[in-house]
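*Asks:* We have chain A; now place chain B onto it with these hints.
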Amino acid sequence: MLECKEVTKKYGRKTAVDHVSLNLEPGRVYAMLGPNGSGKTTLMKMVVGLVKPTSGEILYNGQPVGVESRRDIAYMSTEPYFYSWMTVKDVGKYYQDFFEDFSMERYERILNQMDLTMDLKSKTLSSGMMAKLKIAVTMARRAKIYLLDEPLNGIDLLARDEIVRCVLDVIAPDVTLMVSSHLVDELEKVADVAVFMKESHLVMACGIEQMREEKGKSVVDMYREIYGHGGIEQ
Amino acid sequence: MEYNSSIPIYLQVMMSIKRDIVTERLKLGEKLPSVRDLALQYTINPNTANRVYKELENEKVCFTRRGMGTFVTEDEDRAMQMKAEMAQELIDEFLKGMKYIGISAEEAINLVKRQSKEETKKIS
Numbered sequence: 275m276l277e278c279k280e281v282t283k284k285y286g287r288k289t290a291v292d293h294v295s296l297n298l299e300p301g302r303v304y305a306m307l308g309p310n311g312s313g314k315t316t317l318m319k320m321v322v323g324l325v326k327p328t329s330g331e332i333l334y335n336g337q338p339v340g341v342e343s344r345r346d347i348a349y350m351s352t353e354p355y356f357y358s359w360m361t362v363k364d365v366g367k368y369y370q371d372f373f374e375d376f377s378m379e380r381y382e383r384i385l386n387q388m389d390l391t392m393d394l395k396s397k398t399l400s401s402g403m404m405a406k407l408k409i410a411v412t413m414a415r416r417a418k419i420y421l422l423d424e425p426l427n428g429i430d431l432l433a434r435d436e437i438v439r440c441v442l443d444v445i446a447p448d449v450t451l452m453v454s455s456h457l458v459d460e461l462e463k464v465a466d467v468a469v470f471m472k473e474s475h476l477v478m479a480c481g482i483e484q485m486r487e488e489k490g491k492s493v494v495d496m497y498r499e500i501y502g503h504g505g506i507e508q
Numbered sequence: 003m004e005y006n007s008s009i010p011i012y013l014q015v016m017m018s019i020k021r022d023i024v025t026e027r028l029k030l031g032e033k034l035p036s037v038r039d040l041a042l043q044y045t046i047n048p049n050t051a052n053r054v055y056k057e058l059e060n061e062k063v064c065f066t067r068r069g070m071g072t073f074v075t076e077d078e079d080r081a082m083q084m085k086a087e088m089a090q091e092l093i094d095e096f097l098k099g100m101k102y103i104g105i106s107a108e109e110a111i112n113l114v115k116r117q118s119k120e121e122t123k124k125i126s
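Top line first, the protein sequences correspond to chains A and B. FYI, the numbering used here numbers position 187 of the first sequence as 461, with every residue one higher than the one before it. FYI, the numbering used here numbers position 100 of the second sequence as 102, with every residue one higher than the one before it.
Only chain A is shown next, with the shape it has when bound in the complex (with noise of 0.2 Å):
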C-alpha cells in the first residue's frame, strides 16, 4: 500500500535518511524507533509528501505521494501547530476544514475518552493535555495511513495509555499505523512490526512476536543490541 523505495534526503552536506526501502501493509502497526536524528522525523515528513526526497521515490497505491494521497495520510507532528487563541473546538473546525475525512463526532467522542472540553483554551493547555488534544484532532480523521510522530514524548503515564488506547481504536484491516518513538518499551506491546533507525539508516525492519518466538528477546533487547547499551533514553 505504502512504498519507499531507496529514498534518500540530503540536507545540505548532512545526509537525514540514506537509501531507505520500506513497505507499509495494511493492518499493521509499525513502531519506528531510533535515538533523536536517526532520520525517523524525516522520513515521516517524506511519506507525507512534506519534503520532497533528494533521490528514491514513494509511492502510495503506486502513485507518488503528494497532495493526492494527503487524503489519505493523517500526520501528526511532533511540534505544536494550533494558534494560541483558538480553543479546542477551533481547532477540531480549522481541521474539518482542511480534511474531508476528519469526523467532528469521533473529535467528540474522542475529547470525551481524555477529559478534555470543547471550551479549554489550546494556550491555557498543559502539555499532557496539548498531547491528547495532537492525538484526539489526529485520530478523528478517517484515513487509511496514519503517521504519528513522537505521541508519547514527555506524557505522564496515565495519559500515555489512554493515547495508546486511542491509537488502537482505528486500527483497522485496511488502516497503516507508524508510531515514532524513542521510549521503546511504551510500543512493545502494541507494535506489530519494528524498524529501527539508526544515523539515517534503516537497520531492520522485523516482526515483533516473531521476534519473541523465535529468538526470546523483547524490541528492548533488540534496541540494546543495536544501539549499544547507552542507546536507550536518550
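Keep in mind that the hints were calculated from the coordinates and are not lab data. Errors might be hidden in some of the hints.
Here are the simulated distance ranges between beta carbons [said to hold, decoys possible]: (1) 103/B with 494/A: 39 to 49 Å; (2) 477/A with 106/B: 41 to 51 Å; (3) 95/B with 427/A: 48 to 58 Å.
For lysine to aspartate or glutamate, the following DMTMM-like pairs were computed, each having C-alpha atoms within a straight-line distance of at most 20 Å [stated by the list, open to error]: (4) 326/A with 371/A; (5) 319/A with 292/A; (6) 56/B with 487/A; (7) 326/A with 375/A; (8) 56/B with 483/A; (9) 56/B with 95/B; (10) 418/A with 299/A; (11) 491/A with 4/B; (12) 491/A with 466/A; (13) 279/A with 331/A; (14) 85/B with 61/B; (15) 56/B with 466/A.
Positions of the beta carbon are idealized from the N, C-alpha and C atoms, including for glycine.
*Replies:* The following block gives chain B in isolation, referenced to the frame of chain A:
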C-alpha cells in the same frame, strides 16, 4: 496486566484467560469480549488479540459461534485438564528451583508436608 516483554504477548494473554477459566472468573460457556474489546482490555494490538482467540480455539479452550462471537468451552473435562496442566507447570517450576539450590525432590516434598502441617495448625 504486566507483561514479560521477552515472551510472546499472545501466549501471556492466553495464559491469563486460561487462569480466569480455571479460577471460575470466567464461567464455562460464557461469552468472551470481541477481538476489538479484548485488544482494548489488554491494551494489545487487535492482530495479537485475534491470534489469542485462534490459538485458544485450536486448544479447544474456546469456540466461535458464527456471527455471535467467541465463547469459553462448555466442556468441564477440558477445564479440569487445564487446571492439571497449570498445576504441572507450577510443580515443574518449583522442583527446578529447588534442584537449583541443591534440594532433592524428596527433601522438597518433606518440606512441603511440614509447611502444610503448620498451616493447618495455624488455622485450627
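*Asks:* Now, for every hint given, state plainly whether the structure supports it.
*Replies:* Checked hints:
| no. | hint | verdict |
| --- | --- | --- |
| 1 | 103/B with 494/A: 39 to 49 Å | violated, 29 Å |
| 2 | 477/A with 106/B: 41 to 51 Å | holds, 48 Å |
| 3 | 95/B with 427/A: 48 to 58 Å | violated, 39 Å |
| 4 | 326/A with 371/A | violated, 25 Å |
| 5 | 319/A with 292/A | holds, 14 Å |
| 6 | 56/B with 487/A | holds, 17 Å |
| 7 | 326/A with 375/A | violated, 24 Å |
| 8 | 56/B with 483/A | holds, 15 Å |
| 9 | 56/B with 95/B | violated, 27 Å |
| 10 | 418/A with 299/A | holds, 11 Å |
| 11 | 491/A with 4/B | holds, 17 Å |
| 12 | 491/A with 466/A | holds, 14 Å |
| 13 | 279/A with 331/A | holds, 5 Å |
| 14 | 85/B with 61/B | holds, 14 Å |
| 15 | 56/B with 466/A | holds, 17 Å |
Checked against the numbered hints listed earlier, the structure breaks hints 1, 3, 4, 7, 9; every other hint is satisfied.
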